[in-house]
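Below, each chain spelled out in residue letters.
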Amino acid sequence: MNSQRKRIPKIEPFKHRVEVDPKFFDKSWKKLDDAIREIYNHNASGLSFEELYRTAYNLVLNKHGGKLYDKLTENLKGHLKEMGKLVEAAQGGLFLEDLQRRWADHIKASQMIRDILMYMDRTFIPTSKKTPVFELGLELWRDIVVRSPKIQGRLLDTLLELIHRERMGEIINRGLMRNTTKMLMELGSSVYKDEFERPFLEASASFYSGESQQFIECCDCGEYLKKAERRLAEELERVTQYMDSKTADKIANVVDKEMLSNHMQRLILMENSGLVNMLIDDKHEDLTRMNDLFKRVPDGHSTIRSVMTNHVKETGKTLVTDPERLRDPVDFVQRLLNEKDKYDEIVSVSFSNDKAFQNALNSSFEYFINLNNRSPEFISLYIDDKLRKGVKGANEEDIETVLDKVMMLFRYLQEKDVFEKYYKQHLAKRLLSGKTSSDEAERSMLVKLKTECGYQFTSKLEGMFTDMKTSHDTMQSFHAARSGNTDGPTISVQILTTGSWPTQPCATCNLPPEILDICEKFRAYYLGTHNGRRLTWQTNMGNTDIKATFGSRKHELNVSTYQMCVLMLFNSDDGLTYKDIEQATAIPHVDLKRCLQSLACVKGKNVLRKEPMSKDISESDTFFFNDKFTSKLVKVKIGTVVAQKETEPEKQETRHRVEEDRKPQVEAAIVRIMKSRRVLDHNSVVTEVTKQLQSRFLPNPVVIKKRIESLIEREFLERDKTDRKLYRYLA
Amino acid sequence: MCTPAAAGRGRVRLNVGGRVFETTADTLASAGRDTMLGAMLDASWNVPGAEAEYFIDRDPACFAVLLDLLRTGGLHLPAHIPEAVLCREALYYGLLDRVRAARWGEFDGDRLRLAASVPGRAPGDGAAVRAAPDGGCCVAHGGAVRVYNWMLEERRPVHLGHAPVNDAAYLDAATLLVAAREGTGSSRHSGGGVAAFSALTGELRHRFRVAHDRQPRPFTPGALAFDDQHSKIFASCKGRLNEYGVAAWDATTSEQTDFFYEPPACALGDADGLQWLDGTSTLMAATMFPRADSSFVSLLDFRGRSVAWSWSDVGTPASLEDKHAVHAIAMEDGWSVCVVNQYDDLGFLDLRSNAGGVRWRSGSKLMGRKKVRAEESCYPKLATHGGQLFASTTTGAISVFSGPDHALTSTLRASDGGGVCDLSIGGDRLFALHNEENVFDVWETPPLPII
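Chains E and W, in that order, give the protein sequences. The numbering of the first sequence is numbering that gives the first Met the number 0, which starts it at 0 and goes up by one. The numbering of the second sequence is numbering that gives the first Met the number 0, which starts it at 0 and goes up by one.
To be clear, the hints were calculated from the coordinates, so they are not data collected in a lab. Some hints could be false.
[Said to hold, decoys possible] Keeping only pairs whose Cα atoms sit at most 30 Å apart, straight-line, the calculated DSS-like set for lysine-lysine is:
#: 1; chain 1: E; residue 1: Lys459; chain 2: E; residue 2: Lys553
#: 2; chain 1: E; residue 1: Lys459; chain 2: E; residue 2: Lys447
#: 3; chain 1: E; residue 1: Lys705; chain 2: E; residue 2: Lys420
#: 4; chain 1: E; residue 1: Lys129; chain 2: W; residue 2: Lys231
#: 5; chain 1: E; residue 1: Lys149; chain 2: E; residue 2: Lys181
#: 6; chain 1: E; residue 1: Lys128; chain 2: W; residue 2: Lys237
[Unchecked claim] Stretch by stretch, here's where chain W covers chain E in the computed footprint (C-beta under 8 Å, at least three residues):
#: 7; segment: 44-57
#: 8; segment: 114-126
The beta-carbon is built from N, C-alpha and C at its ideal position, and this holds for glycine as well.
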């Protein structure tokens, strides 16, 4: 086997060498040369492929590969020069078509020549590292035809001219364009880039720079963006039609830069039609377009965002600081919610719910909501309003969505503890006056607050609900215990745990003896069942239903405990002076005035008559039972004149209490931090405390400093002896 | 027999050297457009409707074999046709790739058969055998590298001034790297170094230089490695002025890109095995017992110029003294290195921890321990492919281990040419170079039976 394998290839060339004809190469080459000429002349049908292939094979086998290759190169050059001349001579509009036709001819010919010389391609080319035949044909076409001085410039000008005409709305022969760019791509990506792509991008840049200048002078922002969008789509479509797909990004960049980047500020800030106007008028479509276009541009999104943020902050600021708005808290919060809805919709519809936009929106809302320090109170009032009566007619899902939205606003609050204060007050009022319309809605609100702020935040609120429940149970068992004993007034007592409820220190008023009796019975019952408890009557919070007879008319009056006390006095006397009443009931001055005002001065509910008649109560007034009182209703509810919104002194009071409540929280935070860190400098303490308490409120650094000093006094901390800025924790 | 109507339905009549073959255009077209037969039948060479018979001035017997190959995809060579003749004919038709593909199947270490044993030209001194990606190979011995194509025909040998060759490596099927020792005479710088040759013609393509402080210096390269991903060439180098380390060149520009100077206690310049690890982008350098007093393996990270991992058997307890790792290879999983000692025992190193030693496989003695000959010139070598581990033994056999636990699944034994001094896998073939007579065996996987 081995000897055979070696012998055969050795003998063959030897045999040929003996028979070799000195003109062997020239004869063979002539055959091939003639064939190539016929191929270029579209006259290949008379050729025998086998014969030509064999001829080329024999040349290579006889080591004429190099010579054959050189001859071929020379031959191709000759043909291409001829073709180049013909292309150059083509008349005006026919130039591209002529070039195309000749290119197709050349490709076809190159293929056939490659077929003939296939054996050389397989054996001689790899060992000699030369360009394969077909690629050689492409290279020569590139150098001799495409880059010939008379064709190169003309080709480019023709292509750019056609594209310009298409941009101006003319219909051009896209197939021809496609074939031409395809030819350039086939000649190599660098040829496509140098001969077409780069100049095309330059021409496009200058075209769009001019056009955008023209547009911006005469169009408003929305219109301009529409045009830019259309241009962009056109260019991308053009690329898919007759360019390399890699050009898509490049031409898009050019359009972006010329039409968008360069005019970005002017477009976004354009008066009467820019971003701010789009926001005001809810132009979702325009906003979507603006967002989509400017996200292509560096800094585009951030510019839109900052303009939007500024606008939201400004409008929000005017909203929350407008004294007109402060009059009606419910309306105030409703406006905030509407504003929030509006921008949420814009972000979701037009800005594809982009996180950065959401964050920008949130930070703007947070900014302006906290500009008004009454926001926590108002939000609580809004919830109060919704939970008090809003549910009527509205189904549960609606109230849920309202609550969810309010929670959004709540999240923006920095002083969550202030909110908690108010919420507690309002909840207490709702619970005690039995005005919570839906227990479920209340609970759901509580759950929301809990998830937002944690257990600690709602523990007291939950305590209030528990109290209501236990009170209910206690009352049932109390009534059961004295069943049968039904004469005399009935009583309903709510037992409130001290600390859970916003209690006001209050002097107990003197209750009428009938009531006092049953109160005492309850007290005895309650203390009998519960050991070691103390009951204090909160007479300022209760209410009563009493039956009253005016002449022959019977009415049921729903009044507050205080009012009940006052009215009961008129069972024995027809007329009493202010002083008499005050003495008999021991109701605090302010409350008494308010309660008398609602009994005597409210039209349609004036069960008492006052002398002299006037709007205000003075200490010298005398009151009489008004037997001329009439009402269409059997049940008359006599409200107390209660300020829904806090008055200025009340506000101060709440503020003060909040500040007081914060002190221990700040101290606890400081101690927690110092306990883990042992030694820390002042600034770090302030930072960490702020961080810890952020979810509830923003502590004032001055307050923190005061608390630190207080802790030092109480020897929880000490200052470092050498560095006064350092604190040490004293275990 | 051939009516024009039948021809129209795709029947083709061929007259090859006087013998008439009839086949279909589809069968011939399956050879591909870039073959002689494909071109001949292409529309551009045929006038529609004319000529139903083609004449080809070639040997009909070989054509019958090749036509059979096109029809069935299988190669059946009658005894009277020499293989070389068939290959020559296949080259004429442009079907040589098809013949090669039909000759042997996808590599499987457990189904190898001995395809050929090629006798060497000079006795002894065989340094290395390297498989080419296309199924050819080269054998380095003495001052030259002998190059064989996949038909195992010898091409023009390659040499660097006939300096002793330390290592050779294929960059691709057509480019061969050779590392040769620097000449001893101080005046002759031309001898040693690293150079790229055309594997087809044996022409010198490029000499790779090493410069220190921008001064080109002569050096003696040890082992070679090639990183496909970043097309980098590595060689362990010993410079004349103690510039020891590993040099790196860019394979496309042929410029030196880096030189990893040998850190203290690392014998990099002496490394006799380099291997690029794609997974960790590091270069494994192994310096083994016969060359140095102790064995040493490290992973070099060129990006940070740091040694990412290293192991040495310096200071191993005396009881293990006789276990000198003599060859190391990184496993394909990329996190372990397999080593073998002079008694053919296998051991493993874990690349994920830095502290561990070699876990020698208990009872892994491939061929019961025998007394080591005094002048041992041939040590076991390792290779991996497709999850299998191949270990040559000093007795002249090759063990094949498969599976995650490297169970012995096959033993290859062929020529009585003495111990196997090197083996290499590539182009779906395994080449084993024997110590005596320089004979090398070629193992390949036969095509799978159809049923």
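So if I understand the rule, the pair passes when the alpha-carbon distance is 30 Å or less; does Lys129/E with Lys231/W pass? holds (25 Å)
Chain W covers the segment 44-57 of chain E, three or more CB atoms within 8 Å, holds or violated: holds (count 7)
Going straight from one Cα to the other, do Lys459/E and Lys553/E come out at no more than 30 Å? Distance of about 43 Å is beyond 30 Å: violated.
Holds or violated: Lys149/E to Lys181/E, with C-alpha atoms at most 30 Å apart: With a Cα-Cα distance of about 21 Å, the restraint between Lys149/E and Lys181/E holds, given a limit of 30 Å.
Please work out if Lys128/E and Lys237/W have their alpha carbons no farther apart than 30 Å. violated (33 Å)
Cut-off 8 Å, C-beta pairs, minimum 3 residues; does the coverage of the segment 114-126 of chain E by chain W stand? Holds: 7 residues of the segment 114-126 of chain E have a Cβ under 8 Å from chain W.
Please work out if Lys705/E and Lys420/E have their alpha carbons no farther apart than 30 Å. holds (23 Å)
Next pair to validate is Lys459/E with Lys447/E; report whether the Cα-Cα distance is within 30 Å. With a Cα-Cα distance of about 15 Å, the restraint between Lys459/E and Lys447/E holds, given a limit of 30 Å.
Violated hints, in rising order: 1, 6; the structure is consistent with all others.
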